[in-house]
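Student: We have chain S already, so just place chains W and H with the ligands on it with the hints.
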Amino acid sequence: MSVDSKTVKKIASLARIHMDDAEVEALVPELNNILGWVEQLGEVDVSGVEPMTAVIPNTLRMRDDIVDADPLTAGGVRDKVLANAPVAEHGFFGVPKVIE
Amino acid sequence: MTDITDLGIKAIRDGVREGTFSAREVAEAFNANVAGGKELNAFLVETPEHALAAADAADKARAAGEELAPMAGVPIGMKDLFCTEGVATTACSHILEGFVPTYESTVSANLWKAGAGMLGKLNMDQFAMGSSNETSAFGNVISPWRRNDGGNTDLAPGGSSGGSASAVSGRLCPAATGTDTGGSIRQPAAFVGISGIKPTYGRCSRWGVVAFASSLDQAGPMAHDVTDCAIMLQAMAGFDPKDATSLDLPVPDWESALSSDLKGKRVGIPKEYRIDGTPAEINELWDKGAEWLRDAGAEIVEISLPHTKYALPAYYIIAPAEASSNLARYDGVRYGKRELPDGAGLQDMYAATRAEGFGPEVKRRIMIGTYVLSAGFYDAYYTQAQKVRTLIARDFEQAWEQCDMILAPTAPSAAFGLGEKADDPLAMYLNDVFAVPASLAGLPAMSVPGGLDGQGLPLGLQIVGKALDEQSVLNAGLAIEQRAGFTARPDKWW
Amino acid sequence: MTESTYRIQGATGDWEVVIGLEVHAQITSNAKLFSGASTEFGAEPNTQVSLVDAAMPGMLPVPNQECVRQAVRTGLALNAEIHKYSRFDRKNYFYADLPQGYQISQLYHPIVGEGVIEVALDEKDPDSEVRQIGVERIHIEQDAGKLMHDQHPTMSYVDLNRSGVALMEIVSRPDMRSPVEAGAYVKKLRSILRYVGSCDGNMEQGSMRADVNVSVRKPGEEFGTRTETKNVNSVRFVQQVIEIEANRQVDVLEAGGEIVQETRLYDPDRNETRSMRSKEDAHDYRYFPDPDLLPLELTDDFIADCKASLPELPDAKRKRYESELGLTAYNAAVLTAEAETARAFEVLLKETAAKQGKADTEVATQVANWSLSIAPGVQKALEVTADHENNTPAANAAILAMVSGGSVSGGQAKEIYEIVLKTGRDAEEIADTEGLKQTSDTGAIEAEIEKILETNADKVEQYKAGKDKLFGFFVGQTMKAMKGKANPQIVNELLRKKLD
Ligand SMILES: [Mg+2]
Ligand SMILES: [Zn+2]
Numbered sequence: 736m737s738v739d740s741k742t743v744k745k746i747a748s749l750a751r752i753h754m755d756d757a758e759v760e761a762l763v764p765e766l767n768n769i770l771g772w773v774e775q776l777g778e779v780d781v782s783g784v785e786p787m788t789a790v791i792p793n794t795l796r797m798r799d800d801i802v803d804a805d806p807l808t809a810g811g812v813r814d815k816v817l818a819n820a821p822v823a824e825h826g827f828f829g830v831p832k833v834i835e
Numbered sequence: 046m047t048d049i050t051d052l053g054i055k056a057i058r059d060g061v062r063e064g065t066f067s068a069r070e071v072a073e074a075f076n077a078n079v080a081g082g083k084e085l086n087a088f089l090v091e092t093p094e095h096a097l098a099a100a101d102a103a104d105k106a107r108a109a110g111e112e113l114a115p116m117a118g119v120p121i122g123m124k125d126l127f128c129t130e131g132v133a134t135t136a137c138s139h140i141l142e143g144f145v146p147t148y149e150s151t152v153s154a155n156l157w158k159a160g161a162g163m164l165g166k167l168n169m170d171q172f173a174m175g176s177s178n179e180t181s182a183f184g185n186v187i188s189p190w191r192r193n194d195g196g197n198t199d200l201a202p203g204g205s206s207g208g209s210a211s212a213v214s215g216r217l218c219p220a221a222t223g224t225d226t227g228g229s230i231r232q233p234a235a236f237v238g239i240s241g242i243k244p245t246y247g248r249c250s251r252w253g254v255v256a257f258a259s260s261l262d263q264a265g266p267m268a269h270d271v272t273d274c275a276i277m278l279q280a281m282a283g284f285d286p287k288d289a290t291s292l293d294l295p296v297p298d299w300e301s302a303l304s305s306d307l308k309g310k311r312v313g314i315p316k317e318y319r320i321d322g323t324p325a326e327i328n329e330l331w332d333k334g335a336e337w338l339r340d341a342g343a344e345i346v347e348i349s350l351p352h353t354k355y356a357l358p359a360y361y362i363i364a365p366a367e368a369s370s371n372l373a374r375y376d377g378v379r380y381g382k383r384e385l386p387d388g389a390g391l392q393d394m395y396a397a398t399r400a401e402g403f404g405p406e407v408k409r410r411i412m413i414g415t416y417v418l419s420a421g422f423y424d425a426y427y428t429q430a431q432k433v434r435t436l437i438a439r440d441f442e443q444a445w446e447q448c449d450m451i452l453a454p455t456a457p458s459a460a461f462g463l464g465e466k467a468d469d470p471l472a473m474y475l476n477d478v479f480a481v482p483a484s485l486a487g488l489p490a491m492s493v494p495g496g497l498d499g500q501g502l503p504l505g506l507q508i509v510g511k512a513l514d515e516q517s518v519l520n521a522g523l524a525i526e527q528r529a530g531f532t533a534r535p536d537k538w539w
Numbered sequence: 017m018t019e020s021t022y023r024i025q026g027a028t029g030d031w032e033v034v035i036g037l038e039v040h041a042q043i044t045s046n047a048k049l050f051s052g053a054s055t056e057f058g059a060e061p062n063t064q065v066s067l068v069d070a071a072m073p074g075m076l077p078v079p080n081q082e083c084v085r086q087a088v089r090t091g092l093a094l095n096a097e098i099h100k101y102s103r104f105d106r107k108n109y110f111y112a113d114l115p116q117g118y119q120i121s122q123l124y125h126p127i128v129g130e131g132v133i134e135v136a137l138d139e140k141d142p143d144s145e146v147r148q149i150g151v152e153r154i155h156i157e158q159d160a161g162k163l164m165h166d167q168h169p170t171m172s173y174v175d176l177n178r179s180g181v182a183l184m185e186i187v188s189r190p191d192m193r194s195p196v197e198a199g200a201y202v203k204k205l206r207s208i209l210r211y212v213g214s215c216d217g218n219m220e221q222g223s224m225r226a227d228v229n230v231s232v233r234k235p236g237e238e239f240g241t242r243t244e245t246k247n248v249n250s251v252r253f254v255q256q257v258i259e260i261e262a263n264r265q266v267d268v269l270e271a272g273g274e275i276v277q278e279t280r281l282y283d284p285d286r287n288e289t290r291s292m293r294s295k296e297d298a299h300d301y302r303y304f305p306d307p308d309l310l311p312l313e314l315t316d317d318f319i320a321d322c323k324a325s326l327p328e329l330p331d332a333k334r335k336r337y338e339s340e341l342g343l344t345a346y347n348a349a350v351l352t353a354e355a356e357t358a359r360a361f362e363v364l365l366k367e368t369a370a371k372q373g374k375a376d377t378e379v380a381t382q383v384a385n386w387s388l389s390i391a392p393g394v395q396k397a398l399e400v401t402a403d404h405e406n407n408t409p410a411a412n413a414a415i416l417a418m419v420s421g422g423s424v425s426g427g428q429a430k431e432i433y434e435i436v437l438k439t440g441r442d443a444e445e446i447a448d449t450e451g452l453k454q455t456s457d458t459g460a461i462e463a464e465i466e467k468i469l470e471t472n473a474d475k476v477e478q479y480k481a482g483k484d485k486l487f488g489f490f491v492g493q494t495m496k497a498m499k500g501k502a503n504p505q506i507v508n509e510l511l512r513k514k515l516d
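Residue numbers (this note's numbering), protein chains in the order written: chain S, 736 to 835; chain W, 46 to 539; chain H, 17 to 516.
Keep in mind that the hints were calculated from the coordinates and are not lab data. Built from N, CA and C at the ideal position, the CB exists for glycine as well. Hints are all accurate, no fakes.
Now the in silico label distances, taken between C-beta atoms and shown as ranges:
1) Gly322(W) with Ser291(H): 55 to 65 Å
2) Ala389(W) with Pro786(S): 32 to 42 Å
3) Tyr124(H) with Glu774(S): 16 to 26 Å
4) Pro786(S) with Ala320(H): 23 to 33 Å
5) Ala271(H) with Val145(W): 55 to 65 Å
6) Tyr423(W) with Ser291(H): 19 to 29 Å
7) Glu142(W) with Lys100(H): 45 to 55 Å
If you only want the chain S side, here are some residues facing chain W, beta carbon under 8 Å, derived:
8) Ala750
9) Leu762
10) Thr808
11) Pro831
Far from chain H by the CB rule (all over 10 Å, computed), these chain S residues:
12) Val738
13) Asp739
14) Ser740
15) Asp756
16) Ala757
17) Val759
18) Glu760
19) Glu765
20) Asn767
21) Leu770
22) Trp772
23) Gln775
24) Gly777
25) Val779
26) Val781
27) Ser782
Just chain S, with the same shape it has in the complex:
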């Protein structure tokens, strides 16, 4: 499978990365080079093989239903949450107006 500039544009739009035509054109051969190389995986016989789900055998641990048990994963930290925001007003993050 190889990509053309139309596909690259579509992918860039899905990934929300603005690209001008020159950037798109430059990426087409680069991506095709990489994709052509990874496609050798198709040679591998994977019949009966499950995709890997856990790198190291381990079971999913869960948390108890306790509010603010650990300050590092607790709520009530609005100042910390907003501290780095490019735009924060009245306790909200501000973004360009969205029309739904």
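Tutor: Below, chains W and H with the ligands alone, put in the same frame as chain S:
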């Protein structure tokens, strides 16, 4: 007395404990080296006051007769992938410019708890994507090493933990944190002649570490020798309930159990790692490494890891796929850069912010990752790659029936000149060919310096162990270290 | 089971509507799905947001076990298959209410598989029109934050308080064929969730909302292309959306157009649906297993504990009320429709039976009638002045015991109840001091009857000649003479004895 900055973790720790020198003297000496090492571009942010505060705490504790913490008095460098409270953290990307975390990563918090101090934040490949530290938004890191041809070509320190490698090797810090997704601790360690270990996936918490590829990312130490790696890994590792993939196991006392006696151990030599085009010097060092391990009592056996060839292509599907999703949060809403062209709506803002904020290699990987996950391609690429990954892990499982650890070169080349591979992403990716399989299988793996090549540049040897068996990896590393007698170090030119 | 006959009449003939619902129900939990922040409703903006919920760099999710437990209990309540192996997947898209740039959800391996909900279309006759609506799956996922559009001229404001709150998405099969069926399905689902306690079902606050999938077809033909109207937050709106959307689609199709598979938004003020611009190109979600989370594996013990913790569910309860307590199908259905109603009924039933020293079955009908019609009637008339605190099971049981024992008439019971609600005074004391008691003194009643029969000898003649209706006249006269305080049952008995 020798220069304090020639010392490693153990020597500093013991010296402070014994009162040979104060922790403040240590911190001041390294702060000075950091300040004088700007040409290496290893440090992005210098935090001398942090190092001094930790040092003073250590000195005070000693004066009070208290027992000193395991790394009390040892200042270290912190890779910029670790979020550090109140200290700018950017992952070396413009998209995080200005970001000052309001929280401390678990690993760095563990280190501070162990008494370590921070000299500063270390340069790296942008979002840890790179093998030469040339993708940083804040300039290349320069290796302290020079070829012995009398020229002064700037060499790559390897990547992505290039700042860590350069800083430790250049004696700007006695040790530094690294992270390893597909070789990012081991390959730079090899390039600059230091030691580094990536532990078993899940040993070090990922909480507070800027994510690249979640199923692969592991933090680890980079230091002068194996003992220092053991001490520092012990301080970094540990169960963290905030990371659902963290291993709920006690941290072994690796330092105390260090032993270079490998009697009864079998070391596997994977035949698939003999790759065409590998420089003869690297294969010769590999043979020498096997000899050293035999000398330490180990039995050497040839093994087969049949899917080795497919590890790198599988990695370059899985890691970008995860990264494309992990990096979606950099959107200019809650932190970091925001680009808002005139009249731009929300989605335009995202596209402009990410176009400005991400460097070319990061964009390339996000594009690959987005593509391989997109409708119609998911199974052909991602699912296939995860199946191949299962096979790669199975290769190792089968190998463990024949051996206890595996010896291989760390990288297929010595350090290359900055710019030499920058135009060919694929050639750059291939530099991690020996490192990636252990990453895909989540296994502990370490690089130790083995010798110099004809250009006078360091070469590393890699030991891969069974899951959770960091001890065997460290022990084999120690056996090599004792026999390799690697004492070479770069001359100070900066 | 009967087929739906709901049809849209178009110019080209009748159209059938096909409806599937994806109901998002907020799982009742103290903390969020993957962080320790509170889920409480109505807090100041961004105060219930942890670093994890704001997707700060390096933050990681750790699942809340209670949310998993509630999803499993819900699945068990729907007789659905519980998947011992499930996974969390990432659904990738960019939006300001989605800080991670992906929603953690479950696509490939949901926690709950196939189940079924039995829905009655006629509340008064719950066994007459019954539909089995298939549930395809239930999965667990994160809720998004909230965007405020009208607080600033050029900006939208983002509040992440809801970001990361646990939801169950309950996906039905496209088994519904009319707005009534869809409404009944939502109500029944809500009832079950409330019984189970896995969701409070509060649609106004958004803890339950439906994505309404609608398509139309000529009866017997293949499914048409569907549209999905998002986040509809009341039963009435669900039904309106179906009507509007079905009619719109019929109009489009009959005008020769095609239905576009798209996401739409319901505007209740204008009662119309419109295409959602913001979701236009979001169709490639690039789902993949979340590498921050291992597979979710449930043990048999965990599932057994979930099962053991389930209460009696509405269908089982309704059947038991009919068979064991002898209630009418209608009463049983109404009493069991909501967990709260059933719980109150059962408390009063116990209290009443104890007070009267009788079995539950002997007083069940009395309690049901009181609870469903008499008591609510009095409450409704009072409304503002009634103090809820006074409406205790003990007070109600005391009134019912007096009625049962014959010392208080039905009318007096209502008057006593009214005073109880207003003042909280003791029911028996009220009956005594307010003269709200009827007499069962046979002698006194008999004396009055004698007088009445004497003065109305002509009517007695007519009655005996076969004019049965006059019996009521004698009862009325006696009650009047007794100033309404005679036990009507005894009046009846005595009159019968004299006249028949
Ligand atoms: Mg939906
Ligand atoms: Zn959903």
